[in-house]
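Residue numbers (my numbering), protein chains in the order written: chain A, 1 to 297; chain B, 1001 to 1297; chain C, 2001 to 2263; chain D, 3001 to 3263.
Heads up, a few of these hints could be off.
[Said to hold, decoys possible] Below are the DSBU-like pairs computed for lysine-lysine, each with C-alpha atoms no more than 30 angstroms apart in a straight line:
#1 Lys88/A x Lys2128/C
#2 Lys2259/C x Lys2101/C
#3 Lys2128/C x Lys2259/C
#4 Lys2259/C x Lys88/A
#5 Lys3259/D x Lys3128/D
#6 Lys1088/B x Lys3128/D
#7 Lys3259/D x Lys3101/D
#8 Lys3101/D x Lys1088/B
Bear in mind the hints are in silico, worked out from the structure with no lab data behind them.
Bear in mind that the values here come from a model prediction, so they are computed numbers and not experimental data.
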Amino acid sequence: MAGKLTTAAEAAALISDGDTVALQSMATFTAPMTMVRELIRQERRDLTLVCLVGGIPVDMLAAAGCLSRFIGAAVSMEQFGLCNQFRKAVERGDIVFEELSETALLARLGAAARGLPFQITRGLLATDLIDLQPDNLRVIDDPFGGGGSVVACRALAPDVALVHAHRADEQGNVQMDPTALWPDIRVFPKASRRVIVTVEEIVDGDRIRTEPDRVVLPSFAVDAVVHAPYGAHPTSCFPRYGYDADFHRGWTGAARDPDAARAFLDEHVRGPASHEAYLDGVGGVRRLSSLERLASA
Amino acid sequence: MAGKLTTAAEAAALISDGDTVALQSMATFTAPMTMVRELIRQERRDLTLVCLVGGIPVDMLAAAGCLSRFIGAAVSMEQFGLCNQFRKAVERGDIVFEELSETALLARLGAAARGLPFQITRGLLATDLIDLQPDNLRVIDDPFGGGGSVVACRALAPDVALVHAHRADEQGNVQMDPTALWPDIRVFPKASRRVIVTVEEIVDGDRIRTEPDRVVLPSFAVDAVVHAPYGAHPTSCFPRYGYDADFHRGWTGAARDPDAARAFLDEHVRGPASHEAYLDGVGGVRRLSSLERLASA
Amino acid sequence: MSAPDYTVDELMIARVARVFENGDQVVNGMASFVPVCAYMLARRTHAPDLVWLAGAVGLDPRPQRVPASTLESDLWRDSVAYVEQYEDFWSYALNGRWLTKFMVRGAQIDMYGNANNSAVGPDYHRPKVRLPGTAGMGDMGSIGKRLFYWSSTHDPRTFVERVDWISCAGHLGGGDERARLGLEGGPELVVSNLAVMDFAPESKRMRIRTVHPGVTVEQVQEATGFPLLVADDLGETPAPTAEEVRLIREEIDPDGTRKTEFR
Amino acid sequence: MSAPDYTVDELMIARVARVFENGDQVVNGMASFVPVCAYMLARRTHAPDLVWLAGAVGLDPRPQRVPASTLESDLWRDSVAYVEQYEDFWSYALNGRWLTKFMVRGAQIDMYGNANNSAVGPDYHRPKVRLPGTAGMGDMGSIGKRLFYWSSTHDPRTFVERVDWISCAGHLGGGDERARLGLEGGPELVVSNLAVMDFAPESKRMRIRTVHPGVTVEQVQEATGFPLLVADDLGETPAPTAEEVRLIREEIDPDGTRKTEFR
């Protein structure tokens, strides 16, 4: 089978201006930050981002002017605040926020994953959020009677999914060590037309075969694999390393002001000539080791 | 937490005549045979059985007169034939076969698991099977237009689910070693009102905690745990033991004739005074060891 | 025996803990220190078998102490199970048999127990303040859960007459509107930093049940953006016991992380 | 170079193998020795990167030889992944991007490529013969898959004018009926123990493309319960090569398990 190993820069070429990008992200949990930084460097524009809960990658992409739309359930960096650059852009009307409850978002993506025009949920019933999206959400009756009303959620098929995982082989069999499995890795890739995976390590297929039940994405569902150790930094990658609290605080401090945010992105995203240079710039081995200690504490 | 450990006989008391029983089963793959034998011994009647693919347990339950209805996608013991006792009962009209494609069955059970009145599939469209079940299947249109027709599948909530797994703790956290995970263990229990699990071994909770990602059922979703080593015999329980081909051949030979089938059930199901006596009766340690060798060959 | 000294966070945690019993299953989301401390307290006191799904991931974890995040792996260390979320957690949550009580916090809560975490202001698309988003509350309000609010900011900005946008369905317009729409469950209790409130049986209007020690009904009303009902049997919120305070301070949250909610 | 001696099972396996190419993903169900041998042969010859999901469970397994069951763990030993079926396999199968070619066998196949694995006889509820059931074919016929039939029993009992019950949607009543209903894909090829048939472009009626060496069109017609069309460029099914036969006999299925389909 043709190997799928490529670089972040080449993988990002699979993403065009105007694309809908499904992005793995929770408040501070694993996000494919190497690819996020690459999109900022390559100045992608007019992206629609799909997240369950957007954290720092959403704020950075918003600050860099990459986004015109966000589809998801929440945006927050939890203890590090509310993603001010993103929030201000929504308040200005520069980014459209298509807000969905978790089950409604998952129903839309699950429908695309399964080739269905829609799936249903009882979430969102009687909220104000349904009428805000008549093209995507519609209240329908149980055709068998007796079951009451449900919300039909129209299929949402992103152009590309970006996820980060522990390891893969060159064919694209992607494996996770025991950890939280959020919907962003369980259904985002299946719903999307192309899938780009960054991983902590590239291994031989025989290593994957020792734990076949821990493969989260089979080779045929993966288009590109990028080797990116610490590729989730500054988000966490349990059980390998924790989130970088200092980096998050540095960003939230900078993100209060557009100029400071730009300077921060220049220093940590646009400036470093390589992934290794980025890691050196955020504190190098010393910092990364301390994050590893956090994860194994 | 109150322990859930009980005996097969006591667990079977959770099942009443007339109940709908979701039964783990593939052609020869893992089925909770200890509980199946107990239902035959206790002479349950008028059961509706829900299987993805029914194998020897379905044929034995049919032969013993326990069944009035079968809901599922197929009944077959693969190399060992078509489940003649079951088949004859359907041909006589004694057992109603509510036949569903795999996705239609899973949509019905998934709807119950998720508290939805129905779920949809595109499976079965244009077949003759939809019109045979107007109460359970109905063709509806995509409410957003453009998506064409889909089949709404009414929720199916069995009274009880029976499954067999590798291990559990006394609280009912159920774990599987790496193996095939069929829908019968992934969705049958969630859809059912009560869940009975037989396991190869009972372990301390700390053993479960070493592989938290391999728990297939959390304690709160399990009502009863029965210790049943070799509890899937004569079906397989990979990676512990293979299916018992000789036993299957013995049954298919007997099942050509109602009297022979009754004698077989007397010998191997109604006769043995205990699970251990059953295992001795089918060949004891010598046979079981040879099945283990098959699994690890 | 009530504690000689305690702070309002400890009082709220002790009060919230009493909501949960053996046999319940509970879950927490992000930045949920009051619920997490309350679950941990309940498990150490009257409800040792309370089933806790930390972060909707880790079943019955053994965290050493409350960490800085309630949606990170530190919280679900040493779990007996990691529950995959897309298929497993949501089936358990949507089914109706499990996780029947759900704790919610809203940037706005109104007199009928509707909550808003979406947007402040009349123009949803150009909001005065874009809030984080509905996340799971947009589901939990509609699928029959019994809702329990907590708020560390009892003020007229949080407790508003009508939320700008209903992103969590409470009692809607009050009365039997919720029931007429076929929705089960709904808001039962609000535990704030000033008082404990429920919803009157007929009107479904928010009603003071107990005021915290040292707080008057008038102070609660003044901090609320709509007229509150007052229960006939109005009482005082019980102070936490000395043992409860000790557990919170010494075992559950020695770092005082819970206080980040009370800045 | 064709093999000096071969049996019809080997000819069918070699012919079926040519259906699949690098980049395809394929799956097998139970008692599917012709497809399994064909996948294993294709992977050893022209399509080394054919992705095989053995038993809809094991991805790219390394079975030592074809076992007695094609739905048991012996088939998916040493897989690179175990694909969970309820959420994962079915998403990959239903999505439309993967697993686009599907092999089917029916107890009855009709002139428009509809198949029946449900019941024989006009009364579904009191059938003359209760067949095993529709299983996955009730899905695969309706969700846009390209269908490839195999049959080791080319006789008028299997090849019937109209199936008693359509449990796998083929070209339905023929012509454009399938397209009018919005169904994509559909039956493309039938590889039997006598001939290879496709479906005429307009009428969608079954049509002989090649007859196996030593078989005449008349013999095929005689074994068929409806009038077959005959392709203008009718030819002979290529015999398997010596190397194909060697691979099947020595590496893939030294136990001859495939022959259980040809009893």
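Comparing the hints with the structure gives:
no., hint, verdict
1, Lys88/A x Lys2128/C, "holds (10 angstroms)"
2, Lys2259/C x Lys2101/C, "holds (24 angstroms)"
3, Lys2128/C x Lys2259/C, "holds (28 angstroms)"
4, Lys2259/C x Lys88/A, "holds (28 angstroms)"
5, Lys3259/D x Lys3128/D, "holds (28 angstroms)"
6, Lys1088/B x Lys3128/D, "holds (10 angstroms)"
7, Lys3259/D x Lys3101/D, "holds (24 angstroms)"
8, Lys3101/D x Lys1088/B, "violated (34 angstroms)"
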